[in-house]
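Kindly produce the complete structure, drawing on both the sequences and the hints.
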Amino acid sequence: MSRFREWRGHRPFAGGLLLVLGGAEILVTMKAPLPVILKIGMQGLAGYLLPSLMIVCGALILFNPAQRLFYSILGILLSLGTWLTSNIGGFVVGLLLGAVGSTLTFGWLPDQEPRRKRSAKQPEKHAAGLGG
Amino acid sequence: MASSSDATASTNERPEGPETSGRRGRVRLKRAAVMAVPATAVAAGLMILTAQGALGVQFAISGMPFVVTADKLEGQGFAQFGALDHMIENSPNEGDTGGQVLVVTSVVKSGKLTNLCQSVDLGGIQLVLTAGDKSTPVSVKNLAIDSDDIKGDASFNNIEIGRDSSTFDKVDQQGPRGVYGQQADSVTITDLYQHNYAATAAVFKLPDLHMRFQSEGCEQ
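Sequences listed follow chains A and B, in order. Using the working numbering, read the first sequence as starting at 1 and increasing by one per residue. Using the working numbering, read the second sequence as starting at 1 and increasing by one per residue.
The hints are simulated quantities; they were obtained by calculation from the structure and are not laboratory data. Please read these numbers as outputs of a predicted model, since none were measured by experiment. Any given hint could turn out to be false.
Negatives, chain B to chain A, calculated, CB over 12 Å [claimed, not checked]:
| # | residue |
| --- | --- |
| 1 | P65 |
| 2 | K112 |
| 3 | S139 |
| 4 | D149 |
| 5 | F156 |
| 6 | N158 |
| 7 | S186 |
| 8 | N196 |
| 9 | Y197 |
| 10 | E216 |
| 11 | E219 |
Just the calculated beta-carbon pair ranges, DEER-fashion [unchecked claim]:
| # | chain 1 | residue 1 | chain 2 | residue 2 | range |
| --- | --- | --- | --- | --- | --- |
| 12 | A | E6 | B | T40 | 27 to 37 Å |
| 13 | A | V28 | B | S215 | 22 to 32 Å |
| 14 | A | F70 | B | E219 | 55 to 65 Å |
Each residue gets a CB set at the ideal place from its N, CA and C atoms; glycine is no exception.
Laid out in structure tokens, this is it:
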């Protein structure tokens, strides 16, 4: 369990997870009978492509966190794009999950001071970061 | 360049891991705000544009026509005028139409339909909707239907044919300026058949609604 905790500590875990969940939620709202999808063809493609890429970006954030800035920017663009392509972003839910996830990833920084020190030891240094 | 140095930085964290288990990554709010603020602005912009109808999200017509039939349509306040409907860009249904369909918009201020049937061809399968086939008819308010083919036996009361569609007063909705139109106080159409591209209504009450997939569409 502590290894998992350690693993989470080295990547924007919540952000990547939210982006994956957002993409998955949108995909669920997009489902339609298979013969129908096959007949409609290209029309439905962007609607499926964007949420699928959201899932890919979310997974890459988790497993390749070094490139998180690129994935998070791609993630937010894809999330916003689903408003147009995929049932207004999976009826807003998936869009919000994806946007929050991308934003958390973008704001994530590795190797921060432990949380408890902030209030006790060095209030002057971290006050600025918190205030924003 | 920046990315590769970033990559080495993050791999370098690993060896330190066990020793400094207290040092974990964390979301810095200021940094997150750099993305959150413009993203929120864009999202708000999308919603506003959608609400204003400037962004054709839910109502770019699909270009998949649907058929509406009814045994009888009775309406109070009726108008018709020509209009142009737009599909999404590069819609696969546009064919040689350039993504635009010439339609006649029929507006009914308040009406009742008996034995309504609506079907859309989804490629081999018909999505069929029926309603109002029992005692209670379907009732609509401010219904606007864009069709390219209408059949039926119609009778109008106090009809004005050729009136500019922007000056209509028998319904709440006006058409474009300088376009041919006709309006009437009331209308009765029996054995109605419409080949439609879009329909909107303020109120659309569907008693005994039954929606299903089947191989055959509405009769007629």
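Would you list, in rising numerical order, the hints stated earlier that this structure does not obey? Of the numbered hints, all hold.
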